[in-house]
Amino acid sequence: GAVVSQHPSRVICKSGTSVKIECRSLDFQATTMFWYRQFPKKSLMLMATSNEGSKATYEQGVEKDKFLINHASLTLSTLTVTSAHPEDSSFYICSARPRGTTNTGELFFGEGSRLTVL
Amino acid sequence: ILNVEQSPQSLHVQEGDSTNFTCSFPSSNFYALHWYRWETAKSPEALFVMTLNGDEKKKGRISATLNTKEGYSYLYIKGSQPEDSATYLCAFSDYKLSFGAGTTVTVRA
Numbered sequence: 026g027a028v029v030s031q032h033p034s035r036v037i038c039k040s041g042t043s044v045k046i047e048c049r050s051l052d053f054q055a056t057t058m059f060w061y062r063q064f065p066k067k068s069l070m071l072m073a074t075s076n077e078g079s080k081a082t083y084e085q086g087v088e089k090d091k092f093l094i095n096h097a098s099l100t101l102s103t104l105t106v107t108s109a110h111p112e113d114s115s116f117y118i119c120s121a122r123p124r125g126t127t128n129t130g131e132l133f134f135g136e137g138s139r140l141t142v143l
Numbered sequence: 030i031l032n033v034e035q036s037p038q039s040l041h042v043q044e045g046d047s048t049n050f051t052c053s054f055p056s057s058n059f060y061a062l063h064w065y066r067w068e069t070a071k072s073p074e075a076l077f078v079m080t081l082n083g084d085e086k087k088k089g090r091i092s093a094t095l096n097t098k099e100g101y102s103y104l105y106i107k108g109s110q111p112e113d114s115a116t117y118l119c120a121f122s123d124y125k126l127s128f129g130a131g132t133t134v135t136v137r138a
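Line by line, the protein sequences are chains E and Y. 26 is the number of the first residue of the first sequence in this note's numbering; add one for each residue after it. 30 is the number of the first residue of the second sequence in this note's numbering; add one for each residue after it.
Bear in mind the hints are in silico, worked out from the structure with no lab data behind them. Nothing here was measured: the structure is a model prediction, and the numbers come from that model. Some hints could be false.
[Stated by the list, open to error] The list that follows gives simulated cross-link-like pairs (lysine to any residue, SDA-like), each with its CA atoms no further than 25 Å apart:
1. Y:K86 x Y:S53
2. E:K67 x Y:G83
3. Y:K71 x E:E47
4. E:K89 x E:S115
5. Y:K125 x E:V142
[As the list claims (entries may be wrong)] Which stretches of chain E does chain Y cover? Using the computed rule of at least three CB atoms under 8 Å from a CB of chain Y, they are:
6. 58-68
7. 124-134
[To be verified] Quick list of the computed label-pair ranges, beta carbon to beta carbon:
8. Y:K71 x E:N76: 33 to 43 Å
9. Y:G83 x E:P33: 21 to 31 Å
10. Y:R137 x E:G78: 43 to 53 Å
11. Y:K71 x E:T127: 19 to 29 Å
12. Y:N32 x E:T82: 42 to 52 Å
13. Y:D46 x E:T82: 21 to 31 Å
14. E:N95 x Y:G108: 39 to 49 Å
15. E:H110 x Y:K88: 34 to 44 Å
16. E:T127 x Y:H41: 17 to 27 Å
17. Y:Y124 x E:R124: 12 to 22 Å
18. Y:K88 x E:N128: 16 to 26 Å
19. Y:G108 x E:K89: 25 to 35 Å
We treat Cβ as the ideally placed atom computed from N, Cα and C, and that holds for glycine.
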């Protein structure tokens, strides 16, 4: 099956620094990638939809200047948490929609990134 | 924010027993209902994507049904095995996916 690689899997950073998380589709092209955040015992919350070559679409309540998303190629999307603070500590996970599929098709997920901001 | 509810939050099953759990979702603007299996330290993997009312899908010992009119789906595991232990996520699709919080299944040998 299709593989999505997400790095890093764990990151610890100091408050005020920025952290970049990468999401790569290894064996397919992804025109659309999604970024989610998960709080303990809660569902995956969609943060933004990333489309190759265009600006990301952010969900209501998600600060676009805090969570920078770049989808510069058909196989790579990045999420940068800028000026991270302890409340940004969370589990972040990406998913990718293969090129040519619709919103009724399955998504392929990365393994997630655990961010801890000290 | 669409309300996708999964019940129960967790369950324990004896090896060999069968089990099932539910996902409820809004019955309007329905595109598809997804089920994913998420094992610890791995990526969620798609089990089923269902689009039609009355759909039933099966993969090995796992099957799912869909009722779009009343807004629910059941996932069944027949003859549970330890390798079935995972969190099972459902997701409702209108123009984007909205996930439930998952049902965590633990199969005891």
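Which hints, by number, does the structure contradict? As far as the earlier hints go, 2, 5, 8, 9, 12, 13, 16 and 19 are violated by this structure, in ascending order.
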